[in-house]
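As a plain string of letters, each chain reads:
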Amino acid sequence: MKLAEVQTILRSEVLCGLENLNREIVTACGADLMSDVLVYTKERTLLLTGLTNIQVVRTAEVGDLMGIIFVRGKRPGPEVIEMAKAKGIPLMITELSMFDTCGMLHSRGIRGCSERVTPDEL
Amino acid sequence: MNSRQVINLEFQLKSGDFEFAGEASSQIKRIVQQIGVKPEIARRIAICAYEAEMNVIIHSQGGIIRVEILPEQTDLYVEDRGPGIDDVNLAMQEGYSTAPDHIRNMGFGAGMGLPNMARCSDEFTITSEVVVGTKIHMTIRHI
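First to last, the protein sequences are chains A and B.
Quick note, the first sequence lines up with residues 8 to 129 if you use our numbering.
Quick note, the second sequence lines up with residues 107 to 249 if you use our numbering.
I should point out that these hints are in silico values taken from the structure, not numbers from a laboratory.
Chain B stretches covered by chain A per the calculated footprint, using a threshold of three residues with CB under 8 Å from any CB of chain A:
hint, region
1, 116–128
2, 131–145
Partial list, computed: chain B residues near chain A (C-beta under 10 Å):
hint, residue
3, Phe214
4, Asn222
5, Arg225
For each residue, glycine too, the CB sits at the ideal point set by N, CA and C.
Model the full assembly from the supplied sequences, consistent with the hints where possible.
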């Protein structure tokens, strides 16, 4: 699924990275613990989170994530948006809760990262 | 990369500097990508560096991360100035954490940092002395 389709499904506001909405995602990870994100995510993963600090963008960069959706209408500060812009990471906001966001994407074929990634798969 | 070439980098890490946290890892990742290290290996190097950086910034009184990039592997040497880890075996257990609430609110301190470094590196050694500090050496092979 392309990020542009995710945006439509979640009725998201795009904060930055409009030029990268053609990115294809396969899995998604809903988490507020960034170490868990690094343990469980694979490539082509979208991050769904309620955290809005700068470490979320750092985690996305380190983990090669495709983009970030902030749930429950959480809005990051300008420094977070600036960093994401510089790193080409799309940021979006949805008013939906974490549960609803996960459910809507899962029902349309996006799978979770429930299996731990072995170093060979990283 | 020329077979004799070695890239050495060094980053100072300040205790509690969350603005800078991740900057060293970001630069390390960019450099290994530029010299042609495979994306999945670059990702492992970046995760090791990032977890180490966060640990030093969260728990210690400051420290340093030194990086040696060889054609066949990347070595990360992390050293901090204390307070050290009382029980290293306990600290290596997933979920064990001494991080305060404000760190957990930032999405860290879940007790996954050290196990994550061990998991993403090919070789991992940690030594710690209470009061003095902690030393970690990680090797990530490029092939």
